[in-house]
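Number of protein chains: 4
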Amino acid sequence: MKDTEIHITKEVSLKNPILIEGLPGLGFVGKLAAEHMVKELKAQKFAELFSPDFPPQVIIEKDSTVRMFRNEFYYWKASGKEQNDLIFLIGDTQGLTPQSQFNICSNVLDFVENYKTKMIITLGGFGVGHLSKNPQVFGAVTNKQMIRDFKKYGVVFDNKSGQGIGAAAGLLLGLGLSRGMKGICLMGETHGSYIDPKAAKSVIEVVKQYLKLSIKLDDLDKKAQETEEIISRVEQMQKTQSMPQMPKDESSTYIR
Amino acid sequence: MKDTEIHITKEVSLKNPILIEGLPGLGFVGKLAAEHMVKELKAQKFAELFSPDFPPQVIIEKDSTVRMFRNEFYYWKASGKEQNDLIFLIGDTQGLTPQSQFNICSNVLDFVENYKTKMIITLGGFGVGHLSKNPQVFGAVTNKQMIRDFKKYGVVFDNKSGQGIGAAAGLLLGLGLSRGMKGICLMGETHGSYIDPKAAKSVIEVVKQYLKLSIKLDDLDKKAQETEEIISRVEQMQKTQSMPQMPKDESSTYIR
Amino acid sequence: MKDTEIHITKEVSLKNPILIEGLPGLGFVGKLAAEHMVKELKAQKFAELFSPDFPPQVIIEKDSTVRMFRNEFYYWKASGKEQNDLIFLIGDTQGLTPQSQFNICSNVLDFVENYKTKMIITLGGFGVGHLSKNPQVFGAVTNKQMIRDFKKYGVVFDNKSGQGIGAAAGLLLGLGLSRGMKGICLMGETHGSYIDPKAAKSVIEVVKQYLKLSIKLDDLDKKAQETEEIISRVEQMQKTQSMPQMPKDESSTYIR
Amino acid sequence: MKDTEIHITKEVSLKNPILIEGLPGLGFVGKLAAEHMVKELKAQKFAELFSPDFPPQVIIEKDSTVRMFRNEFYYWKASGKEQNDLIFLIGDTQGLTPQSQFNICSNVLDFVENYKTKMIITLGGFGVGHLSKNPQVFGAVTNKQMIRDFKKYGVVFDNKSGQGIGAAAGLLLGLGLSRGMKGICLMGETHGSYIDPKAAKSVIEVVKQYLKLSIKLDDLDKKAQETEEIISRVEQMQKTQSMPQMPKDESSTYIR
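From first to last, the protein sequence lines are chains A, B, C and D. Just so you know, we're using this note's numbering here: the first sequence kicks off at 18 and counts up by one. Just so you know, we're using this note's numbering here: the second sequence kicks off at 18 and counts up by one. Just so you know, we're using this note's numbering here: the third sequence kicks off at 18 and counts up by one. Just so you know, we're using this note's numbering here: the fourth sequence kicks off at 18 and counts up by one.
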């Protein structure tokens, strides 16, 4: 594997799909929100993405089987006539290098373009450094017309804080723009140092109303707990286990 | 996007253009100077450069729309018969890796070569570690003949300090040399730790006289303030917002 | 040399070979175990692997000749009718960058696939932070059916600790999976800060029984000592000898 | 420039040339020695090597002209019938990344192979951490037969210290070996923290006798001083001048 690869595991045909991205990021808000939606909507997996810029490790599952780090694509078929089908992008990690972020996002866009995706919703956290009782949802868009549509659902468009959007949540919008895809990033207000199911809830509330989806939210705290477990496993994995003995920046600690 | 891309947004025909580069660097002297000239000369944008070695983020503009990090090309048509047309290269950032600096500069030179550019003026700061009331402008050239031309306007050619020139301000000259382009780097004396509109003014004074341009300078302090705002936004962006969770050098701080 | 290269030094024909990997890693458990087996079984070298992502150095042998850092392939022909032939992968080092790990492992799999390898056993250490009198052997597999086969020999499948497997020991399994190769990683319980021949012994015990091999173990402590010498040579090499003068992360210490 | 480039500046025809490498390294022993030989033998430049893995900067010469970082090839035609012609490889720097070391050395070998080079002598320092009144010269070879030839001139082949050889001085030998080139690295005993003309002298003494060259040595201290100046210029260059504003590892110090 010398470049990013997407393996299609199920051929599907989708109607006006919208891409919803929720990869690991600040407060794991996007990941929690997207994974909760996948679960509640019973979305089905149809493709997996692997990259040589993911951590060079395998994950050991609870049943002692191993698997590669990956991103996954799930689809959901709308029942309502006016609804869009959905593609979810979730996963364990993002690319390790700045350049790989561009590469992986370009691959994702190539892939969803095959399904004639015209809109992208990316989900993330907005770090404020303190806990919020009722986390607001901040928005940033690829064209101004979208602001009105989302203000209806309480999204705050107020960039006096001068923030930007990093990694997939940002690049998918920026790179999608030049392909004629419109997009919005919904960012749940979050502390920044904790996994934040509350912020994820706020974000889902917006998506749910905008897309007229029926999604229960009471399970989200449990979901948050599961996520915390997985993350702590991955974290430990990185600390304890057999790394190659000569990592670039620690060549002086070669052996012990 | 796997490599640097230049998107032409307007087809133009230019007469003996000179490339003037002012990307972010020491004291933001080059950036301030070139952007001020673009504004005062009402130069028009005709191309944008994107690179997978720019930061993997999007910038949120004040109107809540997002855009990619980019470099921009502006052109200015000379009115005087003896004057050269000008191409300005300005932008948000430079390549993140040493190798990408070579790649991006080579792409820039390929591009301006299409317009038969024969001369390059790069603008930057010359760090002295203290504030100067009347910042001098230091010069370095690709051939000695140019020294006389610029000494007239007070440029100091005195390399006893043994400095070099990093990034685009240096590489465009070095790489341009082997393509038969002559060039000069004009470096405004600057502290090195502050945004320095005064040094930018000194640099513009030289360019203005050499190219016989009419450029007002009184707005530059205001421009400096705007630049400071943008930079502080970008800076904050890098500190606060949703970075991917596993940056290479901080894998131990994976989650919190 | 711009990419990983495998040089075949002897043409061999193998019957249902199993790949056994033991490259440097935690406690050098895998390296010690695999090299001991190579020696005791009198396995023969048939190929060498070189990579531009190995350390940019040569090793000086005791007779004052130099050689490149390398990985080596050894083969062993089974005498028993029901036994599998074996391919051993051992070596000085692993790739220096995350991405090169994927690249090198893919090259290894391409190579052993030529010999119709259907199974992979990777050997490593499992860090516990303390010394164990009787080190356990932990296992992780690519499919659940293998668990039963290895439980027989005392391998513990108990992933409550939430570990992962880094570098070749993990990636060969993960990448092999999508090529239809089954695999297991056997990890000897080890402190993590010392070379551990005891853990290597435990790992060999399992492999030996599973593959019905006749391997003496009494030499292993001597082997451990030799390994320690080699590693300490390599370690010193990295500290004392003529590194290029401008390593990326220490550009400020350019000369002294 | 996306890859290493070698520009031939003069077509020459050489008889059984030997490559002598002296690039920057420990104590600048190799660089000092090779440059002194180039000067004393009045060797002529015939090619230059540029790489996108050299520092992304230009050097300002004393006459205020700029030039790229480079390596240079010089040739010397033997007058004696039995003597070999010589190719010298000297320069400002080596590649910044481990991988680029392999790439650049492979390019060098491709180049000298065109001239049917069959032997390589690389020059470097051997760090001992203290000053030596009469620095010994240590050797490492690609085949044992060469040991006898060089022992005659006092070269010590005694690898009990367990050292290796990094960068071009090592890789040229290792990579040359598989091309059928024989080679030796001559390492002058040096402190490791200072520029060391004495060690360079010792190294030249060996080369001189082995190749029956007439080279004066009294200028070497002066040469050392010049080298010190150049290096200190380069060093300062790296500290003071206009680096791009967002280096990878200091993104948090973005602006001031």
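Please note that the accuracy of each hint is not assured.
Because identical chains share one entry, a pair is satisfied inside a single copy or across any pair of copies.
The list that follows gives simulated cross-link-like pairs (lysine to any residue, SDA-like), each with its CA atoms no further than 25 Å apart [as the list claims (entries may be wrong)]: (1) K233 <-> M18; (2) K79 <-> D175; (3) K56 <-> D175; (4) K135 <-> T26; (5) K161 <-> D236; (6) K199 <-> E245; (7) K135 <-> E65; (8) K59 <-> N151; (9) K233 <-> N160; (10) K79 <-> Y227; (11) K98 <-> S149; (12) K59 <-> S123; (13) K233 <-> D80; (14) K135 <-> E22; (15) K19 <-> L58; (16) K62 <-> M198; (17) K161 <-> L66; (18) K225 <-> G171; (19) K225 <-> S81; (20) K32 <-> K239; (21) K225 <-> N120; (22) K133 <-> L148; (23) K168 <-> N124; (24) K59 <-> L230; (25) K56 <-> E243; (26) K27 <-> L148.
Hints listed in this document are in silico derivations from the structure and should not be mistaken for laboratory results.
Evaluated hints:
| no. | hint | in the structure |
| --- | --- | --- |
| 1 | K233 <-> M18 | neither (40 Å within a copy, 38 Å between copies) |
| 2 | K79 <-> D175 | between (44 Å within a copy, 8 Å between copies) |
| 3 | K56 <-> D175 | neither (32 Å within a copy, 27 Å between copies) |
| 4 | K135 <-> T26 | both (23 Å within a copy, 23 Å between copies) |
| 5 | K161 <-> D236 | neither (34 Å within a copy, 30 Å between copies) |
| 6 | K199 <-> E245 | neither (32 Å within a copy, 30 Å between copies) |
| 7 | K135 <-> E65 | both (21 Å within a copy, 24 Å between copies) |
| 8 | K59 <-> N151 | neither (28 Å within a copy, 47 Å between copies) |
| 9 | K233 <-> N160 | neither (30 Å within a copy, 35 Å between copies) |
| 10 | K79 <-> Y227 | between (37 Å within a copy, 24 Å between copies) |
| 11 | K98 <-> S149 | neither (37 Å within a copy, 64 Å between copies) |
| 12 | K59 <-> S123 | neither (27 Å within a copy, 35 Å between copies) |
| 13 | K233 <-> D80 | neither (29 Å within a copy, 33 Å between copies) |
| 14 | K135 <-> E22 | both (22 Å within a copy, 23 Å between copies) |
| 15 | K19 <-> L58 | neither (35 Å within a copy, 35 Å between copies) |
| 16 | K62 <-> M198 | both (23 Å within a copy, 24 Å between copies) |
| 17 | K161 <-> L66 | between (32 Å within a copy, 23 Å between copies) |
| 18 | K225 <-> G171 | within (12 Å within a copy, 51 Å between copies) |
| 19 | K225 <-> S81 | between (37 Å within a copy, 22 Å between copies) |
| 20 | K32 <-> K239 | neither (32 Å within a copy, 51 Å between copies) |
| 21 | K225 <-> N120 | neither (30 Å within a copy, 42 Å between copies) |
| 22 | K133 <-> L148 | neither (39 Å within a copy, 57 Å between copies) |
| 23 | K168 <-> N124 | neither (31 Å within a copy, 42 Å between copies) |
| 24 | K59 <-> L230 | within (12 Å within a copy, 50 Å between copies) |
| 25 | K56 <-> E243 | within (13 Å within a copy, 46 Å between copies) |
| 26 | K27 <-> L148 | neither (41 Å within a copy, 48 Å between copies) |
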